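*Asks:* Residues in the sequence shown are numbered from 53 upward in steps of one, following my numbering.
Read the hints as simulated data drawn from the structure, not as lab findings.
Do not rely on the hints blindly, as some may be mistaken.
Claimed, not checked - Lysine to aspartate or glutamate pairs mimicking EDC-like chemistry, simulated, CA-CA at most 20 Å apart: (1) Lys122 x Glu85; (2) Lys89 x Asp110; (3) Lys128 x Asp110; (4) Lys128 x Glu114; (5) Lys122 x Asp86; (6) Lys122 x Asp110.
Remember, it's a predicted structure, so these values are computed and weren't measured experimentally.
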Amino acid sequence: MKNSFVLFAALALSTQVFAAAAPAPALSQETLEDIAKHETIAAAHRTAAQCLREGRPDAVCEGALLQACKGVAIGKFCGMKH
């Protein structure tokens, strides 16, 4: 029983190693652009969170969020447009 468990664990771990070593697939230009948009939006949301954490009014932080997301996202809360 112990041997079966050890064998199973070793097999599971080796599968993880090979999966991690596999090269990443080539990404299309559209995918790269989506990644950049998501990163821009994430940075804007982090900045808005910090603004709120500092005790500033919602209107001020949301205004900055809207400015940071202009042309990249839509809506009052900077949602991704697809």
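*Asks:* State for each hint whether it applies.
*Replies:* Results for each hint:
1. Lys122 x Glu85: Measuring from Cα to Cα gives roughly 16 Å; hence the hint holds.
2. Lys89 x Asp110: Given pair Lys89, Asp110 is violated - Cα atoms ~24 Å apart, limit 20 Å.
3. Lys128 x Asp110: Between Lys128 and Asp110 the Cα gap is close to 12 Å, so the pair holds against 20 Å.
4. Lys128 x Glu114: Between Lys128 and Glu114 the Cα gap is close to 8 Å, so the pair holds against 20 Å.
5. Lys122 x Asp86: Status holds; Cα separation ~15 Å.
6. Lys122 x Asp110: holds, 18 Å
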